[in-house]
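S.K.: Each chain, letter by letter, is given below.
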Amino acid sequence: MSTLTRRHLLGITAAAGLGSLAACTGATAPATQSTPTSVATGPIDGTGKKLRFFTYEAVQTVDMVKAVLADYDKKYGSTTTVDNLPGSGAAVYPDKLRTELLGGSGPDVWRIWGGQIGAPYAKAKQSLDLSAYAKKYGWGDKVNAQALKAMNFYGMQAGAPYLMRGLGGWYNKAVLTKAGVSAPPTTYDELEAMNDKIVATGVTPLATGGKYGWHVMRLFEYLLEVTAGPELHDKLLDGSESWDRKEVTDAFGLFKKWQDKKWLPNGVLGLDPADIEPSYVQGTSAYTITGAWTEVNAIQSAKADTANFGNFILPTPHSVKRHSGFVEGLMINARSANPDLAAQLIDFFISPESQKAMKVSSSTVKGAEPSATDYPLSVDWLKKSGANPFYVIQDQAFPKKEADGYFAIQSDVLQGTTAPADAAKKMQAIIAAWQK
Amino acid sequence: MTATAIRPRSATARRVQLRGGAGAWLFALPALLVYVMFLVSPALQSLFFSLTDWDGLSPSYNLVGLENYVAMASDPVVATAVKNNLLWTIVTISFPVVIGLSLAVFLNSHVYGKSILRLVFYTPSVLPLVSIASIWGWLYNPQYGAINALLRAVGLGALAQPWLGQDATALAAAMVPAVWLRTGFPMLLYLAALQGIPKELYEAATVDGANRWRQFWNVTMPGLKQTHLIVLALALIDSFKVFDMIYAMTYGGPGTATQVFGTYMYFNVFQYYKAGYGMALAVAITLVAIVVSIPYVRSQVREEAR
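Sequences listed follow chains L and H, in order.
Numbers 16 to 451, taken from the numbering used here, label the letters of the first sequence in order.
Numbers 3 to 308, taken from the numbering used here, label the letters of the second sequence in order.
It is worth saying that the hints were derived from the structure and are not from the lab.
Hints should not be assumed to be uniformly reliable.
What the hints assert, rightly or not - For lysine-lysine, the following DSSO-like pairs were computed, each having C-alpha atoms within a straight-line distance of at most 27 Å:
1. K374(L) x K138(L)
2. K89(L) x K188(L)
3. K440(L) x K250(L)
4. K276(L) x K250(L)
5. K85(H) x K416(L)
6. K440(L) x K85(H)
7. K399(L) x K374(L)
8. K277(L) x K188(L)
9. K441(L) x K151(L)
10. K111(L) x K243(H)
11. K276(L) x K441(L)
12. K416(L) x K243(H)
13. K441(L) x K85(H)
14. K440(L) x K271(L)
15. K188(L) x K398(L)
Work out the full structure, taking the sequences as your base and the hints as a guide.
M.R.: Here it is in structure tokens:
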């Protein structure tokens, strides 16, 4: 009897445990496609209707988003719930969204990045084609045209962009002053010289972390812009030129140089960007490569005086000055029970009044420029970068699998296990496989 | 029992047996339904989708036969995951079991404050994995972490490392908290089992001149045979399922250095839009786990039946 019980126990335990390995992928039937067959004209009454809004707003600003959505509900009678996943970055948020879409009905409206992060939702027809709504609400006149185009995937207007972010160097003035640097660099050589001076004071120049790959990538994509220049850089990103070339090797060489000269934090590859990036505010590093959101998320949240910080365009030797950038916008679930109401919510959300109420610092909406009182550094950044074109940030330029391969090569270069020339060859192999 | 089993049963007895059997199935039915719905059905679906090129989001897919399984052979990350899973299994079974047993033997003796010590050693087992990963992530921080600070304080600064930031140490560094948190459970099981071993056996062994070492091997270990079985079976299954610790601590990195089957499967299904391939990985690891586990379980049961 006791043997039988043990056998059962072991058998059941083993079967359950092992079965759960296969079951944990949790496959469900793929969603079916739906597109808006007709778009209601005039205002939509939301009385008795519910919407769910999924975002990754920072904890410091989510209450402003909730307030705007509450205003919408008050105006149209609907009930909108906000589901927020702050601080997760592009590495985690899309996973949760995708799981929600596959495991249930998913949110009605969700926020998403552009490029290869947002595109799969359009390709899989999980997001609604918003072309008819864009026409109804005149988004073409309200929103920056470049941003609108950046959320057009596979011939459909998959998203309504409301944020267009550019990345640059954000620095701590006291650290630069202590290092004897009176102004931020305007050439790449000046940037290297500045790094040397900062290291001499015992401070790490660049605050960056390699966990997830995308943060330290910001440095590499900048170095690639320096060595390759705008035209070649774009061709590398779309695969029309080979990566197995001198300019790419040079960029990987510079990348390694930054590590070897201690311009990056010790153990950079294991550091979480969320932990290390704010260190420039604390003064334990000099600067980071980030966007205007850092003013709220890192500077204002630390109750630091914005006057002690500044930003600069990462300098390149090319006549066309560019920086890395990306868009973010809103998509509507193709299976939403209330697509017209959701589209109306988006129109309300991207109105200049709502954008101002949410104090959006990098809005794509005309008339919603940030206030110099609320965001002096963001306004300053926009003045410097606003007229410059940007190249697509590289974790959005490639699909995630290829981007992870790219990050792995960068990791190997920094650890010295792959030489820069080999890294260029390996990267070309990844791109070639993707192109197939 | 044997005599009862071979005696011809009357029709009434058979009906009683039948009713008893049906009753047992009836009681088991709710659990079986849950098991089929939430385990068997998704597992079969995974098996089916492993034969497709489904991206995990689109409404359509194509059957590709064994293409996904063939692709694994040439995927370098799969090779890394196989190696890492193997290492992880060996380390996170052997160390927690040996340490857990040692602690149980220690705490079963006359030790002052043993109740508090039991609590201390068992507490990591009940902490959320993500919290543990976060705590150890900070301990390993190359600049401000306690581990490097301690090394520097005792004059071993040369040994300070970016533990999670280099291929050479990242997996081992992730294993340490895994061992730490997985030691408490076997300790608890062994502790309970030790208290079931009659004291008379130790007294008799002492009278026979056996020292403590001989007593451990000839009295304690045989007395823990059934517990070994349970502990090792559970530890083996747990090791094959490794996902959360790696995901939270290293995210499979640096690069792909700490990828294991669980995380690589997740990345393919949920991030790379290669659900078919990811599910093929899930099926493969399940088959490997079955191949490894079944002979072990059978041998243990056979040995027990002797």
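S.K.: Each hint should be assessed against the structure and marked as holding or not.
M.R.: Hints versus structure:
no. : hint              : result
1   : K374(L) x K138(L) : violated, 32 Å
2   : K89(L) x K188(L)  : violated, 45 Å
3   : K440(L) x K250(L) : holds, 16 Å
4   : K276(L) x K250(L) : violated, 30 Å
5   : K85(H) x K416(L)  : holds, 21 Å
6   : K440(L) x K85(H)  : holds, 26 Å
7   : K399(L) x K374(L) : holds, 20 Å
8   : K277(L) x K188(L) : holds, 20 Å
9   : K441(L) x K151(L) : violated, 47 Å
10  : K111(L) x K243(H) : holds, 21 Å
11  : K276(L) x K441(L) : holds, 25 Å
12  : K416(L) x K243(H) : holds, 23 Å
13  : K441(L) x K85(H)  : holds, 22 Å
14  : K440(L) x K271(L) : holds, 16 Å
15  : K188(L) x K398(L) : holds, 19 Å
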